[in-house]
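Student: One line per chain: the protein sequences are A, B and C, in this order.
Residue 126 in my numbering sits at position 126 of the first sequence; the count goes up by one each step and never skips.
Converting from the second sequence to my numbering requires adding 1000 to each position, the first position being numbered 1.
Converting from the third sequence to my numbering requires adding 2000 to each position, the first position being numbered 1.
FYI, nobody ran anything at the bench for these hints, they're computed from the structure.
Mixed in with the good hints, there may be bad ones.
Stated by the list, open to error - Derived contacts from chain C toward chain B, CB cut-off under 7 Å, selection only:
#1 L2016
#2 S2025
#3 Y2026
#4 G2040
#5 F2044
As the list claims (entries may be wrong) - Not the full set, but computed from the structure, chain A residues with beta-carbon under 10 Å of chain C:
#6 V29
#7 V134
#8 M139
#9 L141
#10 S148
Think of the CB as a built atom: it goes at the ideal place given N, C-alpha and C, for glycine as much as any other residue.
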Amino acid sequence: MSGQIEAKLKELGFKLPAAPKPAGSYGPVTRFGNLVVTSGQVSFVDGKLLYPGRVGDEVSEEEGYESARICALNALAQLKACVGDLDEIKRVVRVEGYVHSAPGFQGQAKVMNGVSDLINQLYSDREKHTRIAVGIHDMPLNAAVQISVWAEV
Amino acid sequence: MSGQIEAKLKELGFKLPAAPKPAGSYGPVTRFGNLVVTSGQVSFVDGKLLYPGRVGDEVSEEEGYESARICALNALAQLKACVGDLDEIKRVVRVEGYVHSAPGFQGQAKVMNGVSDLINQLYSDREKHTRIAVGIHDMPLNAAVQISVWAEV
Amino acid sequence: MSGQIEAKLKELGFKLPAAPKPAGSYGPVTRFGNLVVTSGQVSFVDGKLLYPGRVGDEVSEEEGYESARICALNALAQLKACVGDLDEIKRVVRVEGYVHSAPGFQGQAKVMNGVSDLINQLYSDREKHTRIAVGIHDMPLNAAVQISVWAEV
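Okay, chain A solo, but in the shape it has when bound:
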């Protein structure tokens, strides 16, 4: 079977974007053994960064959730670029979440649910991924959220 995860994504109202280019002299995604890991993904849409700024300040918690979901779509695009088809992904095993946070903001877990909820909907019959989430004071490109995704193939 192929294309089923991407079909589910469309049913949910989302479209897999083109995989964003790296922001420096590194690669966007790689596979080693049965693992695929992405570089840090931010909320680029068609080359433009959406929701720049700190969550809890210029960016609301709801917008942070949206931003995290865009990061997830970009990470999925990287996984597909690496393995050819999202159905090749057995499951996501780990999500790392870095949330650009205003001083005192403690809702990083809620923001990162923007990533986890989407992954859970797509791979609803698999074991859930693990996650770390921390608040970052200063973020490359002023992105609201940066994530890295580890998947098993």
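Once you've looked at the hints, dock chains B and C against the given chain A.
Tutor: Same frame as chain A, now just chains B and C:
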């Protein structure tokens, strides 16, 4: 053999807690291949977060060390929940430490020794784990310390 | 073949340092399966930390790049200490970069190119590594940069 690591933990005066529930829509721990990785663990004791705040401010360095040790106990509980017995763990290979830090606090390594010292005592005949430790300005749930543990089975 | 990567390093004008000792009760590097991962590496040169402080404040972006390159040299020294010869490293698969950042500094990607550019020069015929890079408000030892490197053997 089974139960030996947990017996050693008791000798050291500690008790393995119930594995804490995740703070969002993710799983607490997972295994892929010969690796087990935990989600971010904070210093929950019986569902209550001990030592909330920043190390170097409301939380002293000594309390930070205690907090880190509680994180380690929770991580060990997750490992056990995943593999059934801590004796199934060949060794801990990596500890990631995120220390909620007051501006100017630079003792993150000492705080994180609260994790490493306990692991070293439990698995004293194994190769030591690797570690990263950074200071985090804003932390989910206002936790003093968050850790993630990678182990080999 | 052996010593070729280290010979290339010399051609580039660099010398592999002695592998720095850990800053706490953990090991500097470990191998599990086909992976080697280093602990956090900072810019120690002969036991002295170069470029202490925040990038964008006491440390310029150019000095941050230099600092990141020293971190990379120390990480390479750890990889060699673990596997015996840098030619045993198939490729670097992931670099984690923590940049001690002045409030408002957003050039973490440029700083971290100090790591990536060197790795790319040494392993120019391999697939590029992935990377995350975030700004850290408070860093152990007041280091400007901390990195962790994952490699495949």
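Student: So, for every hint listed, does it hold in this structure?
Tutor: Quick rundown of the hints versus the structure:
no. : hint  : result
1   : L2016 : 19 Å, violated
2   : S2025 : 4 Å, holds
3   : Y2026 : 4 Å, holds
4   : G2040 : 4 Å, holds
5   : F2044 : 13 Å, violated
6   : V29   : 6 Å, holds
7   : V134  : 9 Å, holds
8   : M139  : 6 Å, holds
9   : L141  : 6 Å, holds
10  : S148  : 5 Å, holds
Checked against the numbered hints given earlier, this structure breaks hints 1 and 5; the rest are met.
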